[in-house]
Amino acid sequence: MTTFYGLPGAEAFWHWTTLVHFLLVALAGGTAFYTAVLGIRRSESARGLAWLALAFIVLDLFMLWAESPARFRFSHVWLFLSFEPASAIWWGAWGLATSALMLLLLALGLGPARFWAGVLALSSAVVLAYPGYALAANAARPLWDHLLLAFFPASGLLLALAVLVWLRPAEEAAPWLQVAALASLALAALYPVALASGGADARLAFALWLRGWGWFLLGGLLLFLAAFLARRVPALAGVCALAGAFVLRSWIVEQGQHSLFVHGF
Amino acid sequence: MARYAMLIDLAACVGCAACAAACVLENEAPPGHNRLWIRQRELGAFPDVTVEYRPEQCLHCEHPPCVPVCPTGASHQTEDGLVLVRAERCIACAACIAACPYDARFMNPAGYVDKCTFCEHRVARGEDPACVETCPTGCRVFGDLDDPESPLHAWLTEAKRVDVLRPEMGTAPKLLYLNTPSKRGLANHESEVES
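Just so you know, the sequences run in chain order A and B.
Residues in the first sequence are numbered from 1 upward in steps of one, following our numbering.
Residues in the second sequence are numbered from 1001 upward in steps of one, following our numbering.
Read the hints as simulated data drawn from the structure, not as lab findings.
A couple of the hints might just be wrong.
From the derived model, a few chain A residues whose C-beta atoms are all more than 10 Å from chain B [what the hints assert, rightly or not]:
no. : residue
1   : 13
2   : 81
3   : 98
4   : 176
5   : 208
6   : 220
7   : 235
8   : 259
Which stretches of chain B does chain A cover? Using the computed rule of at least three CB atoms under 8 Å from a CB of chain A, they are [unchecked claim]:
no. : segment
9   : 1015-1028
10  : 1147-1160
Cβ-Cβ distance ranges computed for the label pairs, FRET-style [said to hold, decoys possible]:
no. : chain 1 : residue 1 : chain 2 : residue 2 : range
11  : B       : 1154      : A       : 149       : 25 to 35 Å
12  : B       : 1012      : A       : 4         : 12 to 22 Å
13  : A       : 232       : B       : 1063      : 19 to 29 Å
Cβ atoms here follow ideal geometry from the backbone N, Cα and C, with glycine treated the same way.
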């Protein structure tokens, strides 16, 4: 039996607001990336879509500010006054700021639109990728496996496409939705395999995953339906993709943060 | 530059928690949070049972995983090897809390991440950390690993065994445990321990 006098810092450090941030940042990054592709192809619709991506970024930043215990200390300015390239969040901050600037220029029609779209493609890819990097960097949390480096960008793009399939002509976004859903489904299926074949905590990580296998089954089924319905009933496929990707990402973020050290070691 | 470290002789620790109380008083830790706590484990099976009292806190690792993940440089390592947080730079993103393998950090309600500093304000005055000074059994010692005159070296030489928490993490902690009650040291799970 293990007991404590005083307590280690083992409580959850991220809350439901963080799960909403992980949703909003995916919508922002994915919509910005789609806008960039349209911009590179010189599509007229890129300007309109840029406003939507910008709205997602503003909403996400407001959410981050509102939920931060440091919101009235305004220390976030240090994100842009520091050089910390090993930190995923530092990259995320610059990715969001650069994407917001490029989107504004595209939306207002100022300057060389195709060049701005090229920069936006890079910065929005950073926005899509950094949440997975922020999780996978933590060797101390065995559920946050390196596979998340691929799963979070794929499922992030899927979340954005799930919204775009309602707003755009279906034939444009639906093929992308199908590919993103299949990629996310394949990575979700690989996830328990990656956990079981991981490092020192592999057995423990797989045991933790087994406690949530039902959520994975539900999420996987929804992603399968999204891929199956993408070209048949795109609107319904969008609903399935949104729900499936949100369930999987939220479970990984929420469950992965719980301390193993306080209980087992 | 110094390379500060702390040793705790678990054979001498009686789990009185005077160190934890001294830490709260010295550093004014907010209610409900601790920079230092005591883990009590019952090891083995009757009749070969032993109890281990293990004080835990930030280990001031040589390779701290909490430092590179910090996006503002608030979490940093000093030239003396102490791992500290600049509260005024901290954005409370909790990335360092996630990265710490030892649950040593917590979110201070004032809006920044907090943790053991090895009482760097006392060390700067040439004093020992409060937990070292308070311990009634003298089971703790603090000093400079690079100083051949430091008592750390005598303790390390005389110890029957030396362990660190979770060595598989590769963090090279600078808080070391001497003379663990278990023959297998700081095992990951109680079931792995032989009394």
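Going through the hints against the structure:
Separation of residue 13 of chain A from chain B is inadequate, the least Cβ-Cβ distance of about 4 Å not exceeding the 10 Å criterion. For residue 81 of chain A, the non-interface assignment is contradicted: its Cβ lies about 8 Å from the closest Cβ of chain B, within the 10 Å cut-off. Taking the minimum C-beta to C-beta distance to chain B, about 15 Å, the non-interface status of residue 98 of chain A holds against the 10 Å cut. At roughly 31 Å from the closest C-beta of chain B, the C-beta of residue 176 of chain A stays outside 10 Å, upholding its exclusion from the interface.
The beta carbon of residue 208 of chain A sits about 15 Å from the closest Cβ of chain B, which is more than 10 Å, so the claim that it is off the interface holds. No Cβ of chain B comes within 10 Å of the Cβ of residue 220 of chain A; the nearest lies about 26 Å off, and the non-interface call holds. Interface exclusion of residue 235 of chain A from chain B stands, the closest Cβ pair being 36 Å apart, more than 10 Å. Distance to chain B contradicts residue 259 of chain A as a non-interface residue, since its nearest Cβ pair spans about 5 Å, not more than 10 Å.
A count of 3 residues in the segment 1015-1028 of chain B with a Cβ less than 8 Å from any Cβ of chain A is obtained; the coverage claim is therefore met, three being the minimum. By the rule of at least three residues with a Cβ nearer than 8 Å to a Cβ of chain A, the coverage given for the segment 1147-1160 of chain B is violated, with 0 such residues. Between residue 1154 of chain B and residue 149 of chain A the Cβ separation comes to about 47 Å, which falls outside the hinted range of 25 to 35 Å. In this structure the hint that residue 1012 of chain B and residue 4 of chain A lie 12 to 22 Å apart at CB holds, the actual value being about 20 Å.
Distance hint for residue 232 of chain A and residue 1063 of chain B: a CB-CB separation of about 53 Å, inconsistent with the stated range 19 to 29 Å.
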